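**Student:** Now for the letters of each chain:
There are 2 protein chains.
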Amino acid sequence: MNNKDMHEVSIILTGFGNVGKAFVDLVQKKAEVCRTKYGVSLSLAAVFRSQKALVFSPALALKDNPEGLNIISGDEGIPGWKEDRRLADVIENYAPGVLVECTPTESYTGGAGLDYIRLALDKGWHVVTANKGPLVVDFFGLMERARLKDRCLKISGATAAALPTLDVALYALAGTEIVRMEGILNGTANYILTRIGEGSDYLTALSEAQKKGITETDPAKDVQGWDTAFKVLLLTNAIFDLSFSLQDVKVEGISEIDPGFIRDCREKGEKLKLLGRMEKKEDRFILEVKLLSLDGSHPLYNVDNTEKGITFETDTMSSVTVIGGKSDPQGTAAALLKDIINIYRYL
Amino acid sequence: MNNKDMHEVSIILTGFGNVGKAFVDLVQKKAEVCRTKYGVSLSLAAVFRSQKALVFSPALALKDNPEGLNIISGDEGIPGWKEDRRLADVIENYAPGVLVECTPTESYTGGAGLDYIRLALDKGWHVVTANKGPLVVDFFGLMERARLKDRCLKISGATAAALPTLDVALYALAGTEIVRMEGILNGTANYILTRIGEGSDYLTALSEAQKKGITETDPAKDVQGWDTAFKVLLLTNAIFDLSFSLQDVKVEGISEIDPGFIRDCREKGEKLKLLGRMEKKEDRFILEVKLLSLDGSHPLYNVDNTEKGITFETDTMSSVTVIGGKSDPQGTAAALLKDIINIYRYL
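Chains as they are written, first to last, in my numbering: chain A, 7 to 353; chain B, 7 to 353.
Just so you know, not all the hints are guaranteed correct.
No copy is singled out in the list; a pair is fine if it fits within one copy or between any two copies.
[To be verified] Derived pair list, reagent style DSS-like, types lysine-lysine, alpha-carbon separation capped at 25 Å:
{"hint": "1", "residue 1": "Lys43", "residue 2": "Lys69"}
{"hint": "2", "residue 1": "Lys287", "residue 2": "Lys43"}
{"hint": "3", "residue 1": "Lys296", "residue 2": "Lys256"}
{"hint": "4", "residue 1": "Lys35", "residue 2": "Lys287"}
{"hint": "5", "residue 1": "Lys217", "residue 2": "Lys27"}
{"hint": "6", "residue 1": "Lys155", "residue 2": "Lys43"}
{"hint": "7", "residue 1": "Lys274", "residue 2": "Lys88"}
{"hint": "8", "residue 1": "Lys27", "residue 2": "Lys296"}
{"hint": "9", "residue 1": "Lys43", "residue 2": "Lys286"}
{"hint": "10", "residue 1": "Lys88", "residue 2": "Lys129"}
{"hint": "11", "residue 1": "Lys286", "residue 2": "Lys35"}
{"hint": "12", "residue 1": "Lys287", "residue 2": "Lys129"}
{"hint": "13", "residue 1": "Lys43", "residue 2": "Lys217"}
{"hint": "14", "residue 1": "Lys88", "residue 2": "Lys218"}
{"hint": "15", "residue 1": "Lys274", "residue 2": "Lys217"}
{"hint": "16", "residue 1": "Lys69", "residue 2": "Lys35"}
{"hint": "17", "residue 1": "Lys27", "residue 2": "Lys43"}
{"hint": "18", "residue 1": "Lys296", "residue 2": "Lys274"}
{"hint": "19", "residue 1": "Lys58", "residue 2": "Lys218"}
Bear in mind the hints are in silico, worked out from the structure with no lab data behind them.
Source: prediction; values computed, not measured.
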C-alpha cells in the first residue's frame, strides 16, 4: 500500500518432497498474480534436496509457463541436479530474497532445516517455513536472529498451513487478549477419530489417511499427538512472544484409543476430538493436547474428517473460530506463498 | 516489526453514540497494551457529535485510568462540550493521526460521515470507520483519496466488525483467488430467524434483538437485508478493488417471511438463513442477499442467534470459514482499535 515498486524476489527452496514440489507448481501458476496484484516478481535461485542441488544462475524467472515447471519438477533424472552444492556456497551469489524451508520435520535436533534457516537469516534473507522441527527446537533463538537482522521469519506453513491461525491471532485479533485457544490441528488424527466413529477400525482409517497424502512422514507424530503439540507450542510462543519448549506441553494421543468409547460419545450426540489447547490463567499458561468429547454447542463440533479448525477466546471480541483450509501439500504451498506476499506487502 | 519507535497518535472521534462511547471506553482500557505491545501511544484530540464538540488542547493522553474516561463519557452534561466547533476548524491543530468515524449510517447521501472522512484523508489523516454509509455511497472515491495521500482507510468496523472478514480475505488468504463468499452478516436478522425457528413470532424476536442493542438505529436496514447488502458490497469492492454500487446487489429481506416455512425447514433438519453472497463466474460477479435453507453440511449451519459467520471459497486453500466475534458496540470498538493498531504496525 505504501510502496508501489515491484519487489524482485529470489527464492531458494530447501526440501523437494511433496510440499516443495507443490510450492514450485503453485508459484509458477501464481507468478503473474504475484506481479500484478502484489508487486512481487518471483524467481527461483536454487532448489536443495538431501544430496543434490539445482542452481540457476541467474535465478529462473517464474512465469505462468508449464514448460518452466517441467525443468524443475522433472526430479533428479533431468540435467542440472549436482552433488556437493551447499547452501552456504550458493546463497551469497544472489541479492537476499526468501528461503522457503520444506525439509522433513526433525523435532529433536531441528535437522538440516535448522541450519538452513539460521544461515539464511544471518545472510539477510527472509524465511518462510513449512517445517516445524527447527521452530520446535529453537523458536525463540530463530525469532531473535530474525529481529537482529530485521528480517521476517514467517511460519504459517508450520502452524496448520491453509487454515489461518497465526494471521488471525496476530492481525485480525490485534489488540485483543487471547485467553484460550482450542484447535483440531491434525487432519490425520481427526480423520481417524471420525472414521472410527462411523464404524471403521483404527488401522484401516490410518491407512486411508496415508493414501490421502496428509500424514506426516512418520505417522506416529500425528496419532501420538506430537504434531498437534508442535502447533500448540509454536502458536503460543508466536502469539505471546514466549519461549516454551515441548516439555511444557502435556501430550495425549489417539493410538491406543478404545473404539467403543468413541462410539459411546457418538450415541450421546457428542464427538471425541483431539484438541490442542492453550489456556492463560493470570500469568500461567496451560499447554496440552487432550482427547475431549465435544457436544453440539462447541464451535469445533462439526469439524470432521481431514478438516481442521481453531477457536480463539478473546477478552474484547468474544470467541472467534476459523475452520477449513486444504489439508494437503497444495494447501501448505499456498500458505508459504501467502507468507511471502505478506512479507513484501508492507516493506 | 520494522520500526520499534513509539508512534504518537492523535485520535479524533466523530459520532458519540453507543459505538463511539464503547470506543473511548476500550481505548482507555487498552492504552497500556497499545503502548507496550504495539508501540502506539494514543491520545484523544476531539470528539464530535451532531451539534457539539469536545476538544482537547493538547490532546488528552489515554491511560488505563477510569477517571479520564468519566470526563468524556459523562456526555453533554459535563463542561467542555461546545457548540459551533467544526472538524475543519479543529483538525489542523494536531499532527495527522486517525479519524475514528462512528456517526450513524446514512446510506443514501453518506451523511456527515462522508464529509468527515473526505476532509480527514485530504488533511493526511488515516481513517478507521464503523459507518457503512460513506463507503456504500463512495467506496472507490474514498479509497482513491486515501491512495493519493498514501493514507489508510480501514473498514473492519463496517464489515461485520468483531467477526474478522476483510483481514482474513486480504491477509490470511493473500495469493488465493476468492471465487465465492457466503456470510451470515447481520446479527439481528439471524437472531429473528433463529427465534422464529424455535417458536417465537417476528415482532417479539425483533423487540428482543433491539433490547440486546445489536440492531441498527433503523431496524428496517437489518430485516430488509440492506445491512447485509452493504457488507457484501463493501467486502466485494475491497477484496477485488472494484466499484460496484448498491444497485448491483439483489436484495431480499426477512420482514415478510412466513414463520411456517422456517419451521418446515427445521423439521427437515435444515435452517433458513439470510445469506450475503458473492460469486465470481469468469469475470462476472453475482452479488445478492438471499434467504437460503442450509443443511447440516453447510459450514454456517450452526451460526445461530446473534452470531455471524462467513465462508470464503478459494482456488488454492479450499474453503475457509470464520465464525463469531461480539455483535455489540464493544465488539465494534475492538474492530476499530484493531484497525488502528494494524495501520501503525507496518509503518
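**Student:** It remains to establish, for every hint, whether it holds in the given structure.
**Tutor:** Here's how the hints hold up against the structure:
1. Lys43 with Lys69: So lysine 43 and lysine 69 pass the 25 Å test inside one copy only (14 Å; across, 40 Å).
2. Lys287 with Lys43: Result: close only across copies, 19 Å inter versus 43 Å intra.
3. Lys296 with Lys256: within (8 Å within a copy, 46 Å between copies)
4. Lys35 with Lys287: between (46 Å within a copy, 19 Å between copies)
5. Lys217 with Lys27: So lysine 217 and lysine 27 pass the 25 Å test inside one copy only (18 Å; across, 56 Å).
6. Lys155 with Lys43: between (28 Å within a copy, 20 Å between copies)
7. Lys274 with Lys88: neither (59 Å within a copy, 63 Å between copies)
8. Lys27 with Lys296: neither (33 Å within a copy, 41 Å between copies)
9. Lys43 with Lys286: between (39 Å within a copy, 17 Å between copies)
10. Lys88 with Lys129: within (23 Å within a copy, 59 Å between copies)
11. Lys286 with Lys35: Answer is between; shortest inter-copy Cα gap is 19 Å, intra-copy 42 Å.
12. Lys287 with Lys129: This pair counts as neither: shortest intra-copy Cα distance 40 Å, inter-copy 45 Å.
13. Lys43 with Lys217: Cα proximity of lysine 43 and lysine 217: none, with 36 Å in one copy and 45 Å across.
14. Lys88 with Lys218: neither (32 Å within a copy, 68 Å between copies)
15. Lys274 with Lys217: neither (31 Å within a copy, 35 Å between copies)
16. Lys69 with Lys35: within (7 Å within a copy, 50 Å between copies)
17. Lys27 with Lys43: within (24 Å within a copy, 38 Å between copies)
18. Lys296 with Lys274: within (20 Å within a copy, 35 Å between copies)
19. Lys58 with Lys218: neither (28 Å within a copy, 64 Å between copies)
When the structure is compared with the earlier hints, violations turn up for hints 7, 8, 12, 13, 14, 15, 19 and for no others.
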